[in-house]
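A.B. asks: Given the sequences, and given the hints that come with them, work out the whole structure.
Residue numbers (the working numbering), protein chains in the order written: chain A, 893 to 1356; chain B, 224 to 319.
Worth double-checking, as some hints may not be accurate.
Claimed, not checked - To give an idea of the interface, some chain B residues facing chain A are shown, with a C-beta separation under 8 Å as derived from the structure:
#1 T238
#2 D242
#3 G244
#4 S246
#5 L265
#6 L267
#7 A268
#8 I271
#9 V272
#10 F283
As the list claims (entries may be wrong) - Listing some non-contacts, in silico: residues in chain A with all C-beta distances to chain B over 10 Å:
#11 L958
#12 D1012
#13 Q1015
#14 H1169
#15 G1195
#16 G1259
#17 E1270
#18 L1294
Stated by the list, open to error - Straight line, CA to CA, 20 Å or less: simulated SDA-like cross-link-like pairs of lysine to any residue:
#19 A:K1167 - A:E1247
#20 B:K234 - A:L1334
#21 A:K1262 - B:K234
#22 B:K234 - A:K1167
#23 B:K234 - A:R1315
#24 A:K1262 - B:S264
#25 B:K234 - A:A1316
These are computed hints drawn from the structure, not numbers from a lab. Since this is a predicted model, take the numbers as computed values, not measurements. We put the CB at the ideal spot given by N, CA and C, even for glycine.
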Amino acid sequence: MSSSATDFLSRLTDVPVANRLAAAIDLMAQAFPERTAIVEQAGSAQRRGISYGVLAANVKAVEQQLVDQRPRGVVARQREIDALVATVAACGRQQVPLAVVADDARDLVGALHDWAVLGDGLQLSVGTTGIGSQAGPRREDAFDSASAQVVVATSGTSGPPKLVEHSWDSLLAAARLSEQWRGLGWLMVYDATRWAGTQVWLQALLTAGTLVVPASRAPDCVARAIVEEDVSILPATPTLLRRLLTSAESGLLSKMKLARITLGGEAADAQLLAKTHAAFPGVKVTHVYATTELGEVFRVVDGRAGFPAEWLGKTLPGGVRLTTRRDGELLVQLSRDTAEVATGDLVERRDDRCEFTGRRSDVIVVGGAKVYPRRVEEILRGVSGIADARVYGLPSAITGELVAAQIVLADPLPAEATPESIRAAALTTCRTALEPHSTPRLLDFVKHLMVNTSGKIPRHSSRL
Amino acid sequence: MNESLLPVVRKAILTVLHDTGRSAQAVESGHLLSTDIGLDSLDLAQTIVLLERELACDPFRSAGSSPTLRMRTVGDLVTLYEAALSAATLPPALDH
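C.D. replies: This is how it looks when you write it as structure tokens:
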């Protein structure tokens, strides 16, 4: 890249945080208007590229409407990621409060009924939004919209989604603006309206990169998008990465030129990390621990599962302090003057590591005894012929819950194995390695596992 | 209708025995679930889930029904499901 672009990132760090996304898009649009900012429907015949020049023009168009109409706030209600990006950039630079709300959290926007709405057409509609008319009486615990800068909804992995208030500072806190991040291809498998998703597209577009959004999450489509669009950074949940490794065409896997995989949203186990290093020799694997409420807390870069046990009880660089409750729940204090937050994540010390054993809310209780589904899944995934597994609790009148599992078979199956022989092997392995109440009582074969919009495995299913 | 569900219940119990690494055995109406067949509460819970899949009915959860928890023998289990299935086919007005 030319020298004018070399100092691009250092120029950006001088820009006020709220203006930074719009400024980054403008700088790129001036220097390289034709450079692709976003690829939508990647890996399919409907592939569509959006240049930095077009993106910058869209930002300007939204800003003009904000200047003309001065809404109290804007609810971004978009499916097209380029429209969402333009909205976020414009609201930042015009200092208009913004709510980025995923589909399943739309019920919550009643609290924002006097805000304007921007859809895919980028036409601001104030007043007759349809939100206000459905809002009903304002609840006492309704969200306080008056002071908000940025509002994001949580993924609802462990409860109903809720609105969380952020500042531009916290939204952009994790973005890395150093030179090594400039001009890379980023895969976007997350929902762009959720915390994890915002972090990926902000990072890509703040650093002159290209954001690649696959047409679907089907492993082959994701794999094609990575290969065809020259993706080098893959942010994903362990569930999505596991699916890619076990189900995508192996010819495509070997053509990938990934430099870095950033895992988040769920804990990654040692098995998956080993498989990843085998499939992509030399790739850097980073594991980000973040929540919608806290933002990024820490990242682990040594490629091993969990985090170093010596981190517990110490103040880490950056001021974060990690401790555990007696039952193993991880507690986080972001800095000396903030309150300690219970994360709901359970950790267990194994030698020099603290490994994640699951979410407190994922625990299955069978006849009063606790079962950690992650542990059972790890054992099932270790059985020859099993590509992936999901373990969940099935309600039972007799024992409260019963452990059940869905299994994805390897394709092709190992020589001489049949689904029935693999089922028997899985049950035997579980019986040997686990307590009777932890052994799955129902094993079903499925084509692929249910993955929710956050790219995670939902744990509690309604009955069949 | 008497004992018509015995083969279904027997099949579920044999699946449980098989899945837990035990050998098949005779399953007859008069057999005690615990001492004769050796089912513990986990086995019983699994049996009930298997029967729900087979019969699309769970007498422990059906609205309005409060099964008398008399479940000592295989025959008790058969009776329970037969009662639940016939209740499910009654018109709603007579459901109580």
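A.B. asks: Are T238 (chain B) and chain A close enough, Cβ to Cβ, to be under 8 Å, as the hint says?
C.D. replies: With Cβ-Cβ at 10 Å, over 8 Å, it is violated.
A.B. asks: Going straight from one Cα to the other, do K1262 (chain A) and K234 (chain B) come out at no more than 20 Å?
C.D. replies: violated, 30 Å
A.B. asks: Less than 8 Å between beta-carbons is the criterion; does D242 (chain B) satisfy it with respect to chain A?
C.D. replies: The hint holds - D242 (chain B) has a Cβ within 8 Å of chain A, the shortest such distance being about 6 Å.
A.B. asks: Does the interface hint hold: is L267 (chain B) within less than 8 Å of chain A, judged Cβ to Cβ?
C.D. replies: holds, 5 Å
A.B. asks: Quick check on the hint: L265 (chain B) CB to chain A CB, less than 8 Å?
C.D. replies: This hint holds: L265 (chain B) lies near chain A, its Cβ roughly 6 Å from the closest one there, short of 8 Å.
A.B. asks: G1195 (chain A) clear of chain B by more than 10 Å, beta carbon to beta carbon?
C.D. replies: For G1195 (chain A), whose nearest Cβ neighbour in chain B is about 38 Å away, the distance exceeds 10 Å, so it holds.
A.B. asks: Against the 20 Å threshold, does the CA-CA distance of K234 (chain B) and L1334 (chain A) hold or violate the hint?
C.D. replies: Roughly 15 Å separates the two Cα atoms, so the pair holds.
A.B. asks: Against chain A, is G244 (chain B) within 8 Å by beta-carbon distance?
C.D. replies: With Cβ-Cβ at 6 Å, under 8 Å, it holds.
A.B. asks: If I take the minimum Cβ distance from D1012 (chain A) to any residue of chain B, is it greater than 10 Å?
C.D. replies: Holds: least Cβ distance 43 Å, greater than 10 Å.
A.B. asks: Taking the least C-beta to C-beta distance, is S246 (chain B) closer than 8 Å to chain A?
C.D. replies: Status violated, d = 14 Å.
A.B. asks: Can the restraint linking K234 (chain B) and A1316 (chain A) be considered satisfied, given a maximum Cα separation of 20 Å?
C.D. replies: It holds: about 18 Å lies between the C-alpha atoms, which stays within 20 Å.
A.B. asks: Hinted pair, alpha-carbon criterion (20 Å max): K1262 (chain A), S264 (chain B). Please report holds or violated.
C.D. replies: holds, 16 Å
The structure does not agree with the numbered hints 1, 4, 16, 18, 21, 22 stated previously, though it agrees with the rest.
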